[in-house]
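Undergrad: The residues making up each chain are set out below.
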Amino acid sequence: MIQPSLKDMGRGFSNPTLCSQAVFRQSLVALSLPGQPQALDLSLSNPNMQVPQNAHAAAAALLLALLDQDCKVWLSAGFASSDAAAWLRFHTGCTLVTDASQADFVWVADAHELPAFENFAQGNAQYPEQSATCVVQVLDFDSKPSQDAWTLSGPGVNGTKHLKLVGLSDNFVSERRNSQVHAPCGVDFFFTHKQSLIGLPRSTQVKD
Amino acid sequence: MYVAVKGGETAILNSYELLAQQRRGDPNVPELSVAQIRQQLRLSVDRVMTEGSVYDPQLAALAIKQSAGDLVEAIFLLRAYRATLPRLGYTQPLNTAGMHIARRISAAFKDLPGGQVLGPTYDYTQRLLDFSLLATGKAAPEARTAPVNNEPTPRVVDLLNHESLLEGQLPEEGDPDPFDLTRQPVRFPANRSARLQNLARADEGFLLAMAYSTQRGYSESHPFVGEIRFGTVDVCIVPEELGFEISVGDIPVTECQMINQFQGSQTQPPQFTRGYGLAFGHSERKAMAMALVDRALRADELGETVTAPAQMQEFVMSHSDSLESSGFVQHLKLPHYVDFQSELELVRKMRQSHALPKDDHASE
Amino acid sequence: MPLNELVELAPVRDPQINFAYLDERTKRMIRRAILKAVAIPGYQVPFGSREMPLPYGWGTGGIQVTASIIGPSDVLKVIDQGSDDTVNAVNIRRFFQRTTGVVVTTDTTAASIIQTRHRIPETPLQEGQVLVYQVPVPEPMQRLEPREEETRKLHALQEYGLMHVNLFEDLAHYGHISSTYDYPVLVNGRYIMSPSPIPKFDNPKMHQNPALQLFGAGREKRIYAVPPYTNVESLGFEDHPFEVQRWQAVCELCGSNESFLDEVIMDDQGKKMFVCSDSDYCGKRQVAA
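Residue numbers (the numbering used here), protein chains in the order written: chain A, 1 to 208; chain B, 1 to 364; chain C, 1 to 289.
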C-alpha cells in the first residue's frame, strides 16, 4: 500500500453531503434494477475527486459515498501499488483488513482477481444481511442480447434482461449459482466500468 | 355540499400558538427561568438527564421549561437533541470508589469505613405539606460547610471481596468495548453492557414497577442494599496527543450496589451475586430499581429458571424506553380511519350473514 | 385564509440544520441497510434507528429512510390515509421542506419520492419512483409471537405455519379472514412480510410494481424493501383465496367506483357518504370531469 503524504493525498468529494447522496441514490437504482448500467454524474463534485491509481471513478465514488468508520474493507492485489487504500482510509475512516472474510466491502481492481465466493462473508440464516458487498472493476459491459450474454430475471428485472460483463471469469455464474443454494445468504455485487455502475444483488437469477 | 377537509397547515400553526399560550400560563405571573428550574427543580433535571442520556443540566432545565413540566416530553426533547450531537470520544470508566461523597449508606452493615453519611435526603422527613413554601422571600437556608471527610470510603463491594464473598465482576475476555445501543440495534440475547445501558435510559416508572415485582414473588433474589453513594466523580479522558489521563470536569452521580441471593455449585463455593444501578445526579429510586432489574435479567447468565417478566430480557428491554412506549401509545391519536373503514366493512358483512335465516342444511 | 398567505406559511430551508436533518454517519448506516434490504426482498434488516424530532410511532422510520435517500432535486409527496392534507402528512412534509428545501407536490405522477402512511396511491407508479412506507409493526407474526428472538428463527427456517394456522382459525371461526389491513404477504417466494397497515384493498398494487418500495420502522428499528418488478402475493388458501374489499357506493365527489372510499358521517342520525381516500386521485378526476 502506498501511503502518500497529506499534501499529496488525492481529493475526495468537494461536497461530501450532496455528492454522497447523489452517488448513493444511483447505487440504489443500480441494485434495484439489476443489469441496468447507471452513468454516475460526478460533476457535482467541483473540483472533481481525484481517482486513485487503478481505480474506476464509479467504484471510487461508490465506496467514498457508502463507507465510514464502521466498515471493514478488503482490497485486491491490483491495488497494492496504488494509493487507493490510503485514499479510502483517509476520506472515510474505514478499516482495512487483510482477511477477506472479515470485510463488509471488497474492492477488486481487476475482475480476474476476484477470489472464490467462499472467501467472503455470506451472512447467516438469521442475519443474511451480514454479508460482503463486492465492488468489481470490469473491462466493459454490454446489455445487448448476444450469444455469450447472460439472461437476468427476478426482483428488479422486468421480464428478462441481457448482460455481458467483460473480464469476469467464465465460472462466475456457476460459482454464484452454487452459492445461491444458501439463499438468502449471499454476496451482493456492483460492477463498474469507468463512470458506470451495474448492480447484481444475490436475488437475481442469472442464466449463462 | 360536502367539501373535502383542508387546512391542515393552518390548523398546525394555530395549535403552535395555543400551545405557547398554555405553556406560558397567566402572563401576569413572572416567567419561570431556566436557572430557577435548574436550581429548584433539580431532581426533575436529574431525571431528565438520566433518561435523556445527556449530562447537561442547562439543557435538561430548558427541556423542562419547554415541555411545561411534562418530564417524559422533556426527556424526548433531550434525546432528540442528543441524536444530533457528534461523538467526540469516550471517557475512562468512572471511578466511583474515588467519589467525593455527599451521601453514603449501606443497609448490609451497621457501620463501615467511611461511615453512614445521611446527606441530603427525603428519607427521614415527615411527608407533611409545608405550607410555608407557598410564600416566597424566605431566607435561603444557610450553606453548611460539610465536614471534610478525609477517611477513605471504599466501596462495600470491594470490602466484601476481601473474603471473596461476592462474585467478581471481571471484564469479559479481551475486555471488549461496551455495546452501544444508540449506534446499533440490540440483538437478543443481549449482553450485560447492552442491558445496563438500556436500563440506565429506561423510564423510571416502568423500571420501578418491574423492580417492585421482583420483591413480590415475580422472581426473587433476596436483595440487600450493599451501598448507595451519591456525590461527584471526575470525568477523565486520555487524549491521544498526551497519552495520559486528564480530568475534564466532574459530575454528580448516584450509584447503587445490590447484594443478592448467593449461588454456589459443586466446584464453586457460594458467593453473593450482584445488581448494579447508576444514574446522573441524585436519583436513588432509579438507581435502586435499575440494580434490582439488572439482577433479575441475569437469570440466564446465573442459570436460574426464567419465570417472571422482570427476568425476560426482551420484555423488559423492549418496553423500557419512554420515547418508544409514549410514542406508540400516543400514536393511536393519529388518523386510522382507513383501517377502521376496512374493519367496519368486514363487521357489517359478518353481521349481515349472521342475521340471515339459516339454511336447512347449514352445518354448525 | 387567502392563498398567498398560505404559501408564505411554507417553511424555508433552515441552513443551521444538516441537509435532511440526519448526520452523515447516520445516513451512511441507513443507506447500507437499505442496499442490503433491496438485495433480500421482504427481509427485515435491523438498523440503528435514531431519535427524531417526531415521536417513535409517528413515522420516524419512514422519515429516516426518506432522509437518507432524498436529494435537492427530488420532488416529495407525503400522504397519510391517502391524503396530502391530514395533519400528520402536513407535519412531515414541513419537516422535509425545512431540512432540505426540496420541491413538494400533491401530484402523485410528479413526485420522485412518496412517503406514505397506511395507503398506496390509486394512480399507478412508474419506474424511477420510490414509495416509502411508514411501518408501526414490521414483524408480521408479532401478534402471535412477541419475542423477536423466536420470530427471527422462524423467518430463517421459512417456518410460517403459525401464520397459516392463524388465518385458518379465522376462517373456521368467522367464515372470513379477519385481517382487513396489514394483511401479510409473501415476497419473492421467500419472506412473509408486513405490508404496513395498508388496507388489503391495496395489497395487489405491491405485486410487480415498477417503483421501488422501501419500508421504515423507526421504533422497532427495521428497514425492508420490495424491489421493482417483484412478486408479492397475499396469503390465502385455495378454497378461500385472497379477495379485496368492494363498496356498494361510489365516490360522492368524483364518481369513482374503483378507489378506496372513506366513510364520512354527515349528521347525528348516522347519515353517511363516501369519498375517495386518495385526495390527489379524486381531485384530478373532479377536474377532468
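Think of the hints as simulated: they come from the structure by calculation, not from any bench. Possibly wrong hints are sitting among the right ones.
With a straight-line Cα cutoff of 27 angstroms, these simulated DSS-like cross-link-like pairs (lysine-lysine) come out [to be verified]: (1) A:K164 to A:K194; (2) B:K349 to C:K271; (3) B:K349 to C:K284.
Treat the numbers as computed from the prediction; the structure is a model and nothing was measured.
Undergrad: Taken at face value, is the distance from the CA of A:K194 to the CA of A:K164 at most 27 angstroms?
TA: holds, 16 angstroms
Undergrad: Hey, B:K349 versus C:K271, does the alpha-carbon distance stay inside 27 angstroms?
TA: holds, 19 angstroms
Undergrad: Does C:K284 sit within 27 angstroms of B:K349, going by the straight-line distance between their CA atoms?
TA: Status violated; Cα separation ~31 angstroms.
Hint 3 alone, counting from the list given before, is not met by this structure.
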